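The chain contents come next:
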Amino acid sequence: MNETEIRNRIRDAVGETDYPPTLTGKVLARVGEPPSPAHPRLIGAIAAVLTVLIVVSFVYVRAQSTRPTRPANPSPPPTAAPVVTGPSPQFLLPEADLAAGGLTAAANAVTPLHLVSTSSGRTVTLIAGYADPSRIVLVFRTLPDAGSPQVQLSDEKGPINAGYFGASGAAGDQVVGFQQGPHVAGGGTTHLTITITGFAQLGSPSVSPGSWTFSADLPVRGATPLPLTPKLTAVGTWKVTVEAFELTPSVIHLRAVFDGAGPFTITDSTVVLVGPDGLPVKPTTLDAVPTGANQTRLDQTWIRPASAASYQLQVNVGVYRYSANVSIPAPASLDTGKPGKGQPLTPLSFPQADESLDFQGAISDHITTGRPQSCGFGSGPDGKMIYEFATYFESHGVWYYVSFTTDKAVQEYHGPSTYTARTLLSPIAVGGAAESMFAGTAQLTVVSDGRNQIGGGGLHSGKVSGSLGWTDDPNQKVNISGTWTCRFSSEMGPA
Amino acid sequence: MGDSTERVIAASTHEATTRDAAAFVALVEPVLPAAYRLAVAMLRSQPDAEDAVQEATSKAWRHFARFRAGAEMKPWLLAIVANECRRQRRARWWSVIRSGGELAFRPHAPAEPDARHADLRRALYRLPQDQRLALVLRYYLDLSFEEVAQVMKTTTKAAKSRTYRALDRLRLSPEIVAGE
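Chains A and B are the protein sequences, given in the same order.
Just so we're aligned: the first sequence equals residues 442 to 936 in this note's numbering.
Just so we're aligned: the second sequence equals residues 45 to 224 in this note's numbering.
For the record, the hints were derived by calculation from the structure and aren't laboratory data.
Take the hints with a grain of salt, since some may be wrong.
Below are the DMTMM-like pairs computed for lysine to aspartate or glutamate, each with C-alpha atoms no more than 25 Å apart in a straight line [what the hints assert, rightly or not]:
no.	chain 1	residue 1	chain 2	residue 2
1	B	K118	A	D806
2	A	K598	A	D658
3	B	K201	A	D806
4	A	K918	A	D806
5	B	K204	A	E444
6	A	K467	B	E116
7	B	K103	A	E444
8	B	K201	A	E446
9	A	K723	B	D95
10	A	K723	B	E94
11	A	K723	B	D174
12	B	K118	A	E444
13	B	K197	A	E444
14	B	K118	B	D186
15	B	K118	B	E94
16	B	K197	A	E687
17	A	K467	B	D95
18	A	K598	A	D728
19	B	K103	A	D806
20	B	K197	A	D806
21	A	K467	B	D174
22	B	K103	A	D718
23	B	K118	A	D658
24	A	K918	B	D174
25	B	K201	A	D914
26	B	K118	B	E191
The structure presented is a predicted model; accordingly, all values stated were derived computationally and were not measured.
Kindly produce the complete structure, drawing on both the sequences and the hints.
Now the structure itself:
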């Protein structure tokens with residue numbers, strides 16, 4: 442087959458499409474948009490004041506912690522008080538998982554589970570779950586990534602025979618959402634039995650079989666009825682019975698029976714939720730099931746916005762339209778677990794720096810830039826010096842945090858050289874880093890620690906090489922190697 | 045630093061001026077149809093492709109300071125679009141529909157418009173991302189191997205190698221043989 446034939450075959454297979462005439466306008470409208478605002482001036486000022494404290498004592502406190510630093514609100518300077526170790530009292534689901542599950546507005550309604558099951562040599566962790574009267578969302582982690590889990594679900598009253606949907610989150614995380622709530626009403630607790638029977642890769646018909654079973658108790662979050670004014674009883678020739686129009690911590694949910702409508706006459710433009718920008722909001726789920734001759738029950742959900750907003754519900758039947766304004770309150774505020782005021786810092790709050798870091802294994806990528814969160818040396822009450830470099834980085838659209846802290850039990854920090862460093866890697870959660878996904882040791886070479894530069898706030902740089910294991914299955918590795926830089930500045934926030 | 049003298053206009057987004065925006069628009073606008081074509085081929089969804097092009101262009105604008113004078117905008121923007129497609133594809137939803145107690149795995153994708161090409165289409169989308177990208181760039185966007193290499197940030201030899209490996213896999217696919 443020659444090049445022309447190949448070209449024709451590929452073009453036929455992909456199909457041709459016209460360039461949308463409105464796209465250029467949309468694209469160019471975004472050019473010149475102001476960049477994301479830097480973190481609030483107040484936070485920057487506090488960060489500047491704390492800079493010295495960070496260097497001399499903060500690193501020590503963090504080095505003792507079992508959790509990575511969180512980029513949350515500024516906290517009071519650390520003191521020489523005894524360091525509390527042990528499990529964190531607060532659970533933070535990776536931000537990418539929340540987004541994949543449509544749970545960004547419901548972050549504080551997610552229940553941490555951390556249940557581990559092994560089958561066919563593969564470890565799967567049920568990290569977290571969420572339930573309300575209209576949906577159940579489960580977050581699984583397995584490394585290396587195995588694709589989409591095939592899930593069977595039941596509660597105390599029997600199988601939950603609903604369709605489910607899902608998406609990838611942080612590395613190895615699969616978020617699965619069932620289009621039905623548990624049999625227990627909102628406000629109660631449901632006991633779920635969850636079985637994964639295999640994993641399938643997108644686009645591949647083959648399934649990696651196994652049997653991973655979990656048993657979990659989940660609180661069922663309540664739903665608040667949303668008023669519809671005027672009352673929705675008929676549109677055109679259709680009679681409408683609204684069984685539920687409600688707001689849960691994660692979705693806006695409509696369930697209604699349409700008399701006069703076959704299932705195929707209901708489309709994604711029949712019931713539309715129009716957002717504050719005047720554009721339709723994409724429904725998360727849309728399920729139209731015939732319940733009788735020319736009668737269809739529609740079950741439709743939309744992701745709840747992360748802030749208060751005004752929407753319009755429209756029902757379109759031929760030339761007829763029903764519309765009602767819907768006011769969505771802001772979700773309950775997120776507890777970032779940190780005292781302080783102002784907006785939580787995000788990775789983008791920190792200055793960008795050039796890095797050249799290779800990640801191989803469960804996370805595979807080459808990182809050329811990072812957002813260093815800390816770099817510096819210091820000591821605690823015992824007077825022993827340590828050095829730490831920590832940075833945020835983005836891989837395949839997900840933000841992670843990695844920290845290297847010299848192990849003073851092996852060697853005290855004494856200036857640029859190579860040290861054994863304890864290393865933690867975790868995805869980013871709303872308000873900070875999630876629980877460590879990988880832990881291990883690395884050889885951290887400090888080439889420059891800023892001391893030979895005027896003002897002491899200069900460039901830090903070095904190399905790193907090491908191997909980390911997944912905290913639930915140390916056989917699953919991430920190897921890290923490369924060079925790093927970090928310019929210590931007042932913009933570098935406290936933990 | 046030598047690199048900084050080669051930079052075209054702005055040192056950072058914060059310092060971007062109206063003149064920067066005009067220069068950016070002049071460079072980007074002619075490439076948008078190819079960018080959209082690439083996104084459609086990689087994502088198989090026109091709305092997703094529009095989103096990807098908008099997001100990629102926005103990222104390109106934010107990083108315009110890194111665009112070097114004398115460089116070509118087309119491979120630079122297409123590389124950003126390809127990355128954006130990879131990011132969007134990774135986050136794409138899939139679903140399992142229950143029907144009569146049976147589970148049917150269904151990745152979200154538009155219906156097949158033409159069954160004659162379905163086999164090749166399925167085989168194409170089963171290819172690894174980099175091989176599929178090489179084929180799309182070479183045969184759907186008509187880029188030279190040098191341009192394919194620039195977009196994929198690799199050598200011309202490696203770009204050719206990926207393209208031919210991908211073609212080999214498609215030819216070996218039984219459903220493709222049956223359709224020849």
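Status of each hint after checking the structure:
Taking the CA atoms of K118 (chain B) and D806 (chain A), the gap is about 24 Å. The hint holds against a cut of 25 Å. A C-alpha spacing of about 14 Å is found between K598 (chain A) and D658 (chain A), which places the hinted pair at or below 25 Å, so the restraint holds. Pair hint K201 (chain B) plus D806 (chain A) holds up; C-alpha atoms about 22 Å apart against a cutoff of 25 Å. Pair hint K918 (chain A) plus D806 (chain A) holds up; C-alpha atoms about 14 Å apart against a cutoff of 25 Å.
The suggested pairing of K204 (chain B) with E444 (chain A) holds, with an alpha-carbon distance near 13 Å, which does not exceed 25 Å. Distance check on the hinted pair: K467 (chain A) and E116 (chain B) sit about 23 Å apart at the alpha-carbon level, within 25 Å; holds. About 34 Å separates the Cα atoms of K103 (chain B) and E444 (chain A), which puts this hinted pair outside 25 Å; it is violated. Pair hint K201 (chain B) plus E446 (chain A) holds up; C-alpha atoms about 22 Å apart against a cutoff of 25 Å.
A hinted pair counts as satisfied when its Cα atoms are at most 25 Å apart, and K723 (chain A) with D95 (chain B) qualifies at roughly 13 Å. The hinted pair formed by K723 (chain A) and E94 (chain B) meets the criterion: a straight-line CA distance of about 15 Å does not exceed 25 Å. With a C-alpha separation of about 30 Å, the suggested pair K723 (chain A) and D174 (chain B) falls outside the 25 Å cut-off, and the hint is violated. A hinted pair counts as satisfied when its Cα atoms are at most 25 Å apart, and K118 (chain B) with E444 (chain A) qualifies at roughly 23 Å.
Taking the CA atoms of K197 (chain B) and E444 (chain A), the gap is near 23 Å; set against the 25 Å cutoff, the hint holds. Proximity of K118 (chain B) to D186 (chain B) is assessed by CA-CA distance (about 13 Å); at most 25 Å being required, the pair is judged to hold. For the hint pairing K118 (chain B) with E94 (chain B), the CA-to-CA distance comes to about 17 Å; that is within 25 Å, so the pair holds. Between K197 (chain B) and E687 (chain A), the direct Cα distance comes to roughly 49 Å. Violation of the 25 Å bound is thereby established for this hinted pair.
For the suggested pair K467 (chain A) and D95 (chain B), the alpha carbons sit about 10 Å apart, so the restraint of at most 25 Å is met. Restraint check for K598 (chain A) and D728 (chain A): satisfied, since their Cα atoms lie roughly 23 Å apart, inside the 25 Å limit. Restraint check for K103 (chain B) and D806 (chain A): satisfied, since their Cα atoms lie roughly 19 Å apart, inside the 25 Å limit. Simply put, K197 (chain B) and D806 (chain A) have alpha-carbon atoms about 14 Å apart, close enough for the 25 Å limit, and the pair holds.
For a cut-off of 25 Å, the pair hint linking K467 (chain A) to D174 (chain B) is broken: about 29 Å separates their Cα positions. A C-alpha spacing of about 22 Å is found between K103 (chain B) and D718 (chain A), which places the hinted pair at or below 25 Å, so the restraint holds. Annotation: proposed proximity of K118 (chain B) to D658 (chain A) is violated, straight-line Cα distance about 53 Å (limit 25 Å). The straight-line distance between the Cα atoms of K918 (chain A) and D174 (chain B) is roughly 23 Å, inside the 25 Å bound, and the hint therefore holds.
Only pairs whose Cα atoms come within 25 Å are accepted, and K201 (chain B) paired with D914 (chain A) is rejected, the gap being roughly 39 Å. A hinted pair counts as satisfied when its Cα atoms are at most 25 Å apart, and K118 (chain B) with E191 (chain B) qualifies at roughly 9 Å.
Of the hints listed earlier, those the structure fails to meet are numbers 7, 11, 16, 21, 23, 25, in rising order.
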